[in-house]
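Please model the complete structure; the sequences and the hints are all you need to start from.
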Amino acid sequence: MRVARTELYAGRALLLGLIAITIVPFVSIFTTALYPSGSVPSGLGLPADPQWGNFLEAFSVANMSALLGSSVFIVLAVVPIALVISTMAGFGIGLLRIPGAGLLLLLFVFGLTLPFEGIITPLYFLARQMGILNTRLAIVLPLIGLFMPFAVFWMRAHFANMPDEISEAAVVDGASTWDLFWRIHVPLARAPMASLGILMAVWAWNQFLLALVLVEDPTQRTMAGALGAFQGHYATDIPLLCAGTILILLPTLLVFIVFQRHVIAALLQGSVKG
Amino acid sequence: MTHAADGARPSRGAPPATDSAARRRLDRRISWTLGIRRQTLVGWLFVLPALVMYGVFVLQPLALTVQYSLYRWDGVGPATWVGLSNYVTVLSEPKLVETLFNAFRLVLFYSVIPVTLGLVTASVIHRVASGRLGTVSRTVLFLPQVIPLVAAGIIWGRLLSLTGLINQGLTAIGLGDVARAWLGDFDTALPAVGLIGVWVLLGFCTVLLLTGMARIDRALFESARLDGAGWRQEFMAITAPSLRYELGICFTVTVIAALAAFDIVYVTTGGGPGNATAVPGIQIYILAFLERQVGLASALAVVLIVLVLIVILPIQRLSRGGER
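Chains L and P, in that order, are what the protein sequence lines are. Mapping of the first sequence onto our numbering: residues 1 to 274, in sequence order. Mapping of the second sequence onto our numbering: residues 1 to 324, in sequence order.
Worth flagging that the hints you see were computed from the coordinates, not collected in a lab. Ideal placement from N, C-alpha and C gives every residue a C-beta, glycine not left out. Don't take each hint at face value.
Covered stretches of chain L (chain P as the covering partner; in silico rule of three or more C-beta atoms under 8 Å from a C-beta of chain P) [as the list claims (entries may be wrong)]:
#1 28 to 35
#2 46 to 58
#3 67 to 74
#4 91 to 97
#5 186 to 198
In structure tokens:
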């Protein structure tokens, strides 16, 4: 590498600085979470007697087990359904190229820029009318719909790039459309489907607005939605709030660390594919 | 593009002239069309479930938003037709106009700063940190992108509070006078919220631009360096032009994040102090669910949707035009 020494050091210093700015907030709430409940912590250091019990307390006052259950339910309901129907649609539009495919794609793509706030008000009345307000379904069903633009767009990009020869060979061998989809193309689409699944899981887990508006009981919400309620109740008890925040973001952090390459690649490919 | 599946084809023989290759492609396409693609109905069945969910839970509410926006309605009683007067209110009442302005001020923080800084960071990683430091920076910078925005808001709400780490740091270096409740001060609340956005979005921009840079032919950099190009020349002549597409995506994603900001603002300031950080998302929520002015909230929602489209479409056009 022909890179000047000063540039090398300046560059590394910049990176280390940015890493520090990213990490310090996490460290800060972690140490804060260990201060005695109700006290006002200062600095970045650990308190003299770390109160590990704060995590237990936050776990129970936030009703964390119910919350975890609720979030897992929402993710498990949203992701598989959204994944299957968007893969089918992507196949129809991108590979079968049904008449009107271009128009359909445009219709879905239009939804890509739609801010959730734009439709949250009618969604509330719609959910009320359907009798699902304040149930998890009020989050699950709209979320599936709201994921469709991105998910269909994503899967279509995969199918549109599949060489015709694969399908042709299968059709010559007498495969039906369903066989072509299920036996040939779904197995080949595993990688983009996995990425899409992880992305949608993280988005569902982190969804706040729908949870806030459509479900009143925090234990029926997503993790992020529950955190909002938790903050409302414990805004004054800083160590407890921090402990609760850590517990709530821990699962996403773990998923990220485990699937790190996948998540990053997914998010990026998703935006580049267009 | 040639794919591995080429092996399944009969041998090509002599390298075909371009038009005969095209003809063969065409033949193939025709036979393929006569086969399964003919089954329009089956094809539509594949798209139907996604279309239904999208239609019922996105397109229908979208139409309803437009409809509501033409009425005065408290969400319970009867609605009164008021024509476009809600739109007039949205575009003339100072409080609501300020909301729209705030959204654009946030664009500076959510979009301009992360993309610019991301560009610098990515090229630094690309040039001087191809090894472990590069990998670690990528991963770490990306972290804020995966945690709930609400959590980011709570964390920073803490750091920026009167007794928070930022003020402790300022006091420690003798700048105690500047210390304040950053999110509670009329002058600093919006920039403070914006700063949280920078923290969240920087990693996304950096990593995305970095992938773009990795795609650029290495030989270009090699020859530029052989010619003695420095960071600046290399950046202006090779990196930036090659990244037009990635830059387009960065701007698209971050501008939407700015105009449609909600989570962070909701947990840190709730739109306050006064109206200082009220953005359209927050205002829609307040109008619709706290003040029960469903019509007005819907008009603001329509304005927001249109605004996003107006800003995004030129970005898309710029970043794609001329390519392919």
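In terms of beta carbon proximity below 8 Å, does the region 46 to 58 of chain L have 3 or more residues touching chain P?
-> Three-residue rule not met by the region 46 to 58 of chain L, so violated; n is 0.
Claimed coverage, the region 28 to 35 of chain L by chain P - three or more beta carbons nearer than 8 Å = Holds: 3 residues of the region 28 to 35 of chain L have a Cβ under 8 Å from chain P.
Coverage claim, chain P over the region 91 to 97 of chain L, checked by counting residues with Cβ within 8 Å (three needed) | With 5 residues in contact (Cβ-Cβ under 8 Å with chain P), the coverage given for the region 91 to 97 of chain L holds.
Can the region 186 to 198 of chain L be counted as covered by chain P under the rule of three residues or more with Cβ-Cβ separation shorter than 8 Å?
-> Violated: only 0 residues of the region 186 to 198 of chain L have a Cβ under 8 Å from chain P.
Assertion that chain P covers the region 67 to 74 of chain L - criterion: three or more residues, beta-carbon distance below 8 Å = Three-residue rule not met by the region 67 to 74 of chain L, so violated; n is 0.
Taken one by one, the earlier hints fail for this structure at numbers 2, 3, 5, listed in ascending order.
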